[in-house]
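Okay, here's what each chain looks like letter by letter:
2 protein chains.
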Amino acid sequence: MPRTSIPANLKLGFLGAGQLARMSSLEAFRFGIQVAVFSDRTENEPVQFMTPYSTSGSFDSVDDMVKFAKECDVITLENEFISSDILKKVQEKSGTPIYPSPESFALIENKLIEKQTFEAAGIPVTPYKLVRNESDLEQFGEDHGWPYMLKSSKGGYDGYGNETVNNMEEAQEAFSNLGGDKGQDILAEAFVDFTKELAVQVARNETGTVVYPCCETVQKDHICVAVLSPAPVENIVREMAQELAVKATEAIDGKGIFAYEFFLTKEGSLILNESAPRPHNSGHYTIEGTVASQFENHVRAVLGLPLGSSRLNKPAVAMINLLGTHKRPAETDHIKEALAEENGHLHVYGKVDSKVGRKMAHYTLLGDDLEETHQRAIELTKSIEI
Amino acid sequence: MPRTSIPANLKLGFLGAGQLARMSSLEAFRFGIQVAVFSDRTENEPVQFMTPYSTSGSFDSVDDMVKFAKECDVITLENEFISSDILKKVQEKSGTPIYPSPESFALIENKLIEKQTFEAAGIPVTPYKLVRNESDLEQFGEDHGWPYMLKSSKGGYDGYGNETVNNMEEAQEAFSNLGGDKGQDILAEAFVDFTKELAVQVARNETGTVVYPCCETVQKDHICVAVLSPAPVENIVREMAQELAVKATEAIDGKGIFAYEFFLTKEGSLILNESAPRPHNSGHYTIEGTVASQFENHVRAVLGLPLGSSRLNKPAVAMINLLGTHKRPAETDHIKEALAEENGHLHVYGKVDSKVGRKMAHYTLLGDDLEETHQRAIELTKSIEI
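Each protein sequence line maps, in turn, to chains A and B. Start counting the first sequence at 1; every next residue gets the next number (UniProt numbering). Start counting the second sequence at 1; every next residue gets the next number (UniProt numbering).
Hints are computed from structural coordinates only; laboratory data are not their basis. Don't take every hint at face value.
Which copy is meant is left open, because identical chains are indistinguishable; a pair holds if it fits in one copy or across any two.
[What the hints assert, rightly or not] Here are the simulated DSS-like pairs of lysine-lysine, each with C-alpha atoms no more than 30 Å apart in a straight line: (1) K336 - K314; (2) K359 - K11; (3) K327 - K314; (4) K314 - K359; (5) K11 - K336.
None of the values given here were measured: they were computed from a predicted structure.
Isolated chain A (complex conformation) (with noise of 0.2 Å):
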């Protein structure tokens, strides 16, 4: 049921206390929206310094959750670590609604199931095998070439769970690795040879569907530094992603903020990579790059709120990710420069320790020519250290 008004007391509750669920708790106290979190952890996330409806527990734990869901008035994720089976009985046992529901997220958890998934949608994929042992790991070899990457069908975080692999020695050792001998499925996936990575967010709920424009995600080291939108491609390939994403959201019925990740082809096609059934680091740029950001969606999608615009308010917007620098107590530090660019926002996540590589903060910057805002905004925050 769309949902017309908002009253005093409606509590919003995250699973998972990161920096996503903060920022799409911002949104939420703009609404007037209260927000409760759970956590696997009891102190220093992004979001317990934000709330005094703090809880923590075990993410496998059903009554821990239930217990924290019976305080909320709808629940949602920020992450993929809790199963569907697990957050279907929280769901059941606590009378409170999950979006995205368990049911969306059985047919994405499980990298196996997501690919079939979207097959049957009609989403093209990248060629995948299921691997049982090493006479199947030699077959996708020779059938696809090496190297190739093996991933565990399950979990899986920022290339966590992800192993490349450029011959037989190494496909054994990763596939124990990944889990395959303790009766982990383990994917095969070809590599796609691709030009650009591309990635678009959907909001979905009962009163429609926002898409919003297709961008680019520069990765360095499989690690995500940049995000440009619109992707710097044909204006064909950027509507086409948008449609292949908002095919995707309907194929799992998804209520809620979904990211797609894709591959651009040399050839121009486009292959569904990845996806993620809430607000997604290629989307940060959206809080001041479009009218309504991915986490302001986030919080409408899931509460059954009409769902704001997606629609740009600069021609071009660079979002940079701010990784830690040291190890040490988190310390947002030289950013004179970076605060001083008139049109430059700088978000910080409010973590308390740093550690080099650890995703801390981002900055983004509005302007007209997408490479030159690009440039300008490795500029502004290169001296920033963490």
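Mind docking chain B on chain A? Use the hints.
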């Protein structure tokens, strides 16, 4: 000293926990800054839902506030309820700086001193006189005509502490009501025959000064119902208002965000009516209306960070105050149209109880034509009940 880094655990303390502190807190969170709040109420204050660091006590108790201030790195204000003498003691005893400084606040907390301060800086103020007895009351009427205003020199907020008097009988009654018999300083103020009421916000700290566009505050029964920016008056009038607002901020050596309300007379001159050392209702439109809002610059200014830009994002901005329509548990109802409008932005303050006329929420609409945008904002919000 300008600040060029944000350490983890940097904590900004607010004295006051209403919607102004709430909207500033959202900007503090964006920068990874923690928020603590001190209120004279123990629960259900808008900011109390947004932080685990909530303290209650008396605004008259130095000790209560010293204890609170010691837990914070910087203290700021959201109201004028605490005397500068008490603020000075809190600052001295806690060692925590308060911005705007008690010294700045001392120059505007008392309406008589405020007028003297601004007059000395060459800023036109409403004709006024300290009235001590019947003869003064009569003399003021003779000199400036009836009706005129009587104002308590301390306190006063949203029309409280002010009375309009039409004759000697009313003047004597109001004088007594406002505490004139009990030694309270009472000011008589002449009515200014104005055509519009204008407002300007100024952010200022050791890194510089940023002045916001001059806007119009549309009043109904002495309550602000809408704000239009830029004010639909001659360019030169807007510029003069900005110039006076900067001059006023310099006159009190202000560090923080300040708001100034002006009367525009029939003759086209400007008279300073009121000042506030905090974010102000007249500046709520800046959240989406300008690059950096009054709340963001509030946080930046008091922390010594470089200030953000006050440039308008669109040629026309209208903000509608959404006042309580019922005495009931708060519920922001019939918001579908407002939320579905692409360029509209709803903000709900998280108050638990509504009452008729209470400031509960606001709605900002961006557009190209001011009058059209104002009319459309009225249309989109007219069905909202709270």
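Exercise for the section: Check each numbered hint against the structure and report the violated ones by number, ascending. Expected result: Hint 3 contradicted; others consistent.
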